[in-house]
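Start from the sequences and build out the full structure, keeping to the hints where you can.
Number of protein chains: 2
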Amino acid sequence: MQISSRFTIAVHILICIETFKEDYKVTSDFLASSVNVNAVVIRRLLQQLKRAGIVDVKRGSGGAVTAKPPGEITLLDIYNAVECVEEGKLFHFHENPSQECPVGKNIHAVLDDRLEQIQGAMEREMKSISIQDIMNDTKKLIEK
Amino acid sequence: MQISSRFTIAVHILICIETFKEDYKVTSDFLASSVNVNAVVIRRLLQQLKRAGIVDVKRGSGGAVTAKPPGEITLLDIYNAVECVEEGKLFHFHENPSQECPVGKNIHAVLDDRLEQIQGAMEREMKSISIQDIMNDTKKLIEK
DNA sequence: AATGGATGTATCAAAAATGATTACAACAAA
DNA sequence: TTTGTTGTAATCATTTTTGATACATCCATT
Numbered sequence: 017m018q019i020s021s022r023f024t025i026a027v028h029i030l031i032c033i034e035t036f037k038e039d040y041k042v043t044s045d046f047l048a049s050s051v052n053v054n055a056v057v058i059r060r061l062l063q064q065l066k067r068a069g070i071v072d073v074k075r076g077s078g079g080a081v082t083a084k085p086p087g088e089i090t091l092l093d094i095y096n097a098v099e100c101v102e103e104g105k106l107f108h109f110h111e112n113p114s115q116e117c118p119v120g121k122n123i124h125a126v127l128d129d130r131l132e133q134i135q136g137a138m139e140r141e142m143k144s145i146s147i148q149d150i151m152n153d154t155k156k157l158i159e160k
Numbered sequence: 017m018q019i020s021s022r023f024t025i026a027v028h029i030l031i032c033i034e035t036f037k038e039d040y041k042v043t044s045d046f047l048a049s050s051v052n053v054n055a056v057v058i059r060r061l062l063q064q065l066k067r068a069g070i071v072d073v074k075r076g077s078g079g080a081v082t083a084k085p086p087g088e089i090t091l092l093d094i095y096n097a098v099e100c101v102e103e104g105k106l107f108h109f110h111e112n113p114s115q116e117c118p119v120g121k122n123i124h125a126v127l128d129d130r131l132e133q134i135q136g137a138m139e140r141e142m143k144s145i146s147i148q149d150i151m152n153d154t155k156k157l158i159e160k
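Quick mapping for you: the protein sequence lines, in order, are chains A and B. Every position in the first sequence, counted from 1, becomes a number in my numbering once 16 is added. Every position in the second sequence, counted from 1, becomes a number in my numbering once 16 is added.
Treat each hint with caution, since some may be false.
Chain copies aren't distinguished; within one or between two, either way the pair holds.
Only pairs whose alpha carbons sit at most 27 Å apart, straight line, appear in this in silico DSS-like list of lysine-lysine [to be verified]:
no., residue 1, residue 2
1, 156, 84
2, 160, 121
3, 84, 143
4, 84, 66
5, 121, 155
6, 105, 160
7, 143, 105
8, 121, 84
9, 74, 41
Because the hints were derived from the structure by calculation, they are not lab data.
In structure tokens, the structure reads:
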């Protein structure tokens, strides 16, 4: 199955925060308008990003800001923050392969490393892209 | 969300077919026992693998065999065969970003390439691993 | 200290995907 | 013709996601 839209929405949120931080108070309603989803979805995501140390959210007066420089926030950080899968495992393994069958008994031993290798390649690529990178592209497009 | 267990089950199936092809008729019931899921789940997967040209399944008399050498069946082939997502896209994009917002309007333009880059890294790694590779490891473990 | 705008979070509902299971027609070989 | 198997439809339960409402909590400002 696909990786949830939480991930692309979270990236969208961070780009918004950085783009508008000078000119607007970036509230969950503001973000909800840009992304076009319910404000509660945004608040839930902001909580996850906050727990991961990526953003700060102010109660009462309101508004979200990044908690560290955009160059230090990678897509992998965001993925890990919002993709709440057990131990960050990309692949769902079938639960109870037969221990009587020679193949069933060994399937984990022969597959686990390969799956990690694949997931590792994906994560390496995610780690190589920062919010700053995407901000640079965004600025260029907006200025045009 | 995670990639469905259809993927690991499909790999398990193929390893079973190759491991037992000399000694048993590998039926959906046989495979269901090793994987420990319902036989219909196996049959559905075998159909998907068949449509992708990976296995042949015999009606009536029964049994499944690989349709090409295991060295030519990669994990990417299997992934594409069973992970029935629209256009094979790994990431689910939020549907309707606001066209009024400068960020919403451009979010696809700035993200699509990056997402493809990540997915590409994953697929490259999947393509580098064949059923033969996994068979080699499996044989070693079984013989021990 | 009252107010007003915002967050944090619980709860419920709806939609989509997964996976289990039953049932049975179609098929092929003995 | 019998037997074992595949191919596939139909149904159900479960899980995950996403949408939506509601409201207590918070905090800056008046």
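Intra- versus inter-subunit Cα pairing at 27 Å for residue 121 with residue 155: between (54 Å within a copy, 12 Å between copies)
Same-copy or cross-copy closeness of residue 105 to residue 160 [CA-CA at most 27 Å]: neither (40 Å within a copy, 29 Å between copies)
Alpha-carbon proximity context of residue 121 and residue 84, limit 27 Å: between (46 Å within a copy, 26 Å between copies)
Residue 84 and residue 143: within-copy, between-copy, both or neither at 27 Å Cα: Only inside one copy: residue 84 and residue 143 sit 16 Å apart there, 37 Å across copies, limit 27 Å.
Intra/inter-copy verdict for residue 156 and residue 84 if alpha-carbon distance must be at most 27 Å: Classified as within; 22 Å inside a copy, 49 Å across copies.
Up to 27 Å CA-CA - residue 121 versus residue 160, copy category: Between. Shortest inter-copy distance 13 Å satisfies the 27 Å Cα cut-off; intra-copy 59 Å does not.
27 Å Cα threshold - placement of residue 105 relative to residue 143: both (16 Å within a copy, 20 Å between copies)
Up to 27 Å CA-CA - residue 41 versus residue 74, copy category: within (11 Å within a copy, 65 Å between copies)
Identical-chain pair category, residue 84 with residue 66, by Cα at 27 Å: within (11 Å within a copy, 50 Å between copies)
Hint 6 from the list above is the single one not met by this structure.
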